[in-house]
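Respectively, the protein sequence lines represent chains A and B.
Counting in my numbering, the first sequence tops out at residue 238, every number present.
Counting in my numbering, the second sequence tops out at residue 115, every number present.
Please note: incorrect hints may appear among the correct ones.
[Said to hold, decoys possible] Once the Cα atoms are required to be at most 20 Å apart in a straight line, the calculated PhoX-like pairs of lysine-lysine come out as:
(1) K49/B <-> K168/A
(2) K5/B <-> K90/B
(3) K168/A <-> K14/B
[To be verified] Quick partial rundown of chain B residues pointing at chain A, CB under 7 Å, derived from the structure:
(4) N3
(5) R4
(6) G8
(7) G12
(8) L13
(9) E46
(10) L101
(11) A105
It is worth saying that the hints were derived from the structure and are not from the lab.
Each residue gets a CB set at the ideal place from its N, CA and C atoms; glycine is no exception.
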Amino acid sequence: MTTRTLQFKIYRYDPDQDQKPYMQDIEIEVDATDRKLLDVMVKLKAKDDSIAFRRSCREGVCGSDALNINGRNGLACLTDINSFPEGKPIMLRPLPGLPVIRDLIVDMTQFFKQYHSIKPYLINNDPPPERERLQSPEDREELNGLYECILCACCSTSCPSFWWNPDKFVGPAGLLAAYRFIADTRDQATNERLDNLEDPYRLFRCHTIMNCVDVCPKGLNPTKAIGKIKDMMVKRAI
Amino acid sequence: MVNRKIVGAHYGLKDWLAQRITGVMMAIYAVLMAVALVSGAGSSHESWKEFMSCGLVRFASFLFIVSLCWHAWVGVRDIWMDYIQPAGIKLVMHVLTLSALIGYAGWATQIIWRL
Ligand code: SF4
Ligand code: SF4
Ligand code: FES
Numbered sequence: 001m002t003t004r005t006l007q008f009k010i011y012r013y014d015p016d017q018d019q020k021p022y023m024q025d026i027e028i029e030v031d032a033t034d035r036k037l038l039d040v041m042v043k044l045k046a047k048d049d050s051i052a053f054r055r056s057c058r059e060g061v062c063g064s065d066a067l068n069i070n071g072r073n074g075l076a077c078l079t080d081i082n083s084f085p086e087g088k089p090i091m092l093r094p095l096p097g098l099p100v101i102r103d104l105i106v107d108m109t110q111f112f113k114q115y116h117s118i119k120p121y122l123i124n125n126d127p128p129p130e131r132e133r134l135q136s137p138e139d140r141e142e143l144n145g146l147y148e149c150i151l152c153a154c155c156s157t158s159c160p161s162f163w164w165n166p167d168k169f170v171g172p173a174g175l176l177a178a179y180r181f182i183a184d185t186r187d188q189a190t191n192e193r194l195d196n197l198e199d200p201y202r203l204f205r206c207h208t209i210m211n212c213v214d215v216c217p218k219g220l221n222p223t224k225a226i227g228k229i230k231d232m233m234v235k236r237a238i
Numbered sequence: 001m002v003n004r005k006i007v008g009a010h011y012g013l014k015d016w017l018a019q020r021i022t023g024v025m026m027a028i029y030a031v032l033m034a035v036a037l038v039s040g041a042g043s044s045h046e047s048w049k050e051f052m053s054c055g056l057v058r059f060a061s062f063l064f065i066v067s068l069c070w071h072a073w074v075g076v077r078d079i080w081m082d083y084i085q086p087a088g089i090k091l092v093m094h095v096l097t098l099s100a101l102i103g104y105a106g107w108a109t110q111i112i113w114r115l
């Protein structure tokens, strides 16, 4: 089997041991069975088991292996190793803007705090029907492109507005989820949800930079969802 | 005071909408000026002065100045909100920005009405 060597530069930081972060040079042989970056990272970990990163499903559903790959956020398990430019080391860094716990592992507390702040669950005070709350196919259609989010944080951590105000700006992932419930015809808290976002920080820190759309590994469009929330606010106000 | 992050000032939509609307106003004014220039209103100082001091154009220019300052207020305040964290400094910057913009608006209006 033909093999080739891939060079990496990996962000390393162990707060218990290191004064400050550094980039580690490391290379690894890959063969035709290695397809995705995550396959190679598992090999890297076998070579140097001190490298720390998160992963679980290895197929783009759990959202745990989001990294900054050559300067761009993405999931290691969905990144094709043939997509890298030849002859240049591959740069792996943790997601930007969140505190580093160790190496490629970041503290996602702030991200999930924002997600929880939009009440990511259906609010409906009517007694539940015997089987389920039904929607028409057209109403259900509106939820496509919203419910698929895996909360990997690729979008929010590439958003400059989230870097500057992670404690006040909900961020693209949270806002996409917010619109998912605002758009749900079974939800009864639309007004409260809009009130919750009608603030100069929580929603309106978004300056339509669209970094979020650019990086979402699931191909979702938080900017469009944000635009729809703004539309609904305008319609409500005039 | 306990150190809690508080959000929920209900002027997000109003300011965002104001910025869009004033943007449109300025675009319309820019087209108006371009048309005037192409059709020769700016060929001499005299004709330009005459054009600028006509009632309708004064009205439009005044609207333009107000739109510009309002637009700039939301935009510049956005910058302070993004990059300045301490509330005290932020308030000072807001006040300075607002004072400068109101001053400019008055000054510009005075110039136009003097024509
Ligand atoms: S919107 Fe996309 S990038 Fe953002 S958290 Fe969801 S799946 Fe990840
Ligand atoms: S469009 Fe809005 S949410 Fe998306 S990256 Fe830009 S500022 Fe952030
Ligand atoms: S390992 Fe689950 S999304 Fe990549």
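Evaluated hints:
1. A C-alpha spacing of about 50 Å is found between K49/B and K168/A, which places the hinted pair above 20 Å, so the restraint is violated.
2. The hinted pair formed by K5/B and K90/B meets the criterion: a straight-line CA distance of about 15 Å does not exceed 20 Å.
3. For the hint linking K168/A to K14/B, the alpha-carbon distance of about 19 Å falls within 20 Å, and the restraint holds.
4. The criterion of a C-beta within 7 Å of any C-beta in chain A is not met by N3/B, whose closest approach is roughly 11 Å, and the hint is violated.
5. Look at R4/B: its Cβ only gets to about 10 Å from chain A, farther than 7 Å, so that hint breaks.
6. The interface hint given for G8/B holds, since its Cβ lies 5 Å from the closest Cβ of chain A, which is under the 7 Å cut-off.
7. With 7 Å as the threshold, the beta carbon of G12/B comes within range of chain A, its nearest partner Cβ sitting at about 4 Å, so the hint holds.
8. The interface hint given for L13/B holds, since its Cβ lies 5 Å from the closest Cβ of chain A, which is under the 7 Å cut-off.
9. Contact between E46/B and chain A, as hinted, is not supported at the beta carbon level, the nearest pair being about 44 Å apart and thus beyond 7 Å.
10. With a cut of 7 Å, the hint placing L101/B at the interface with chain A is violated, because the nearest CB-to-CB distance is about 18 Å.
11. Because the closest C-beta pair between A105/B and chain A is about 22 Å apart, greater than 7 Å, the hint is violated.
The structure shown violates the earlier hints numbered 1, 4, 5, 9, 10 and 11.
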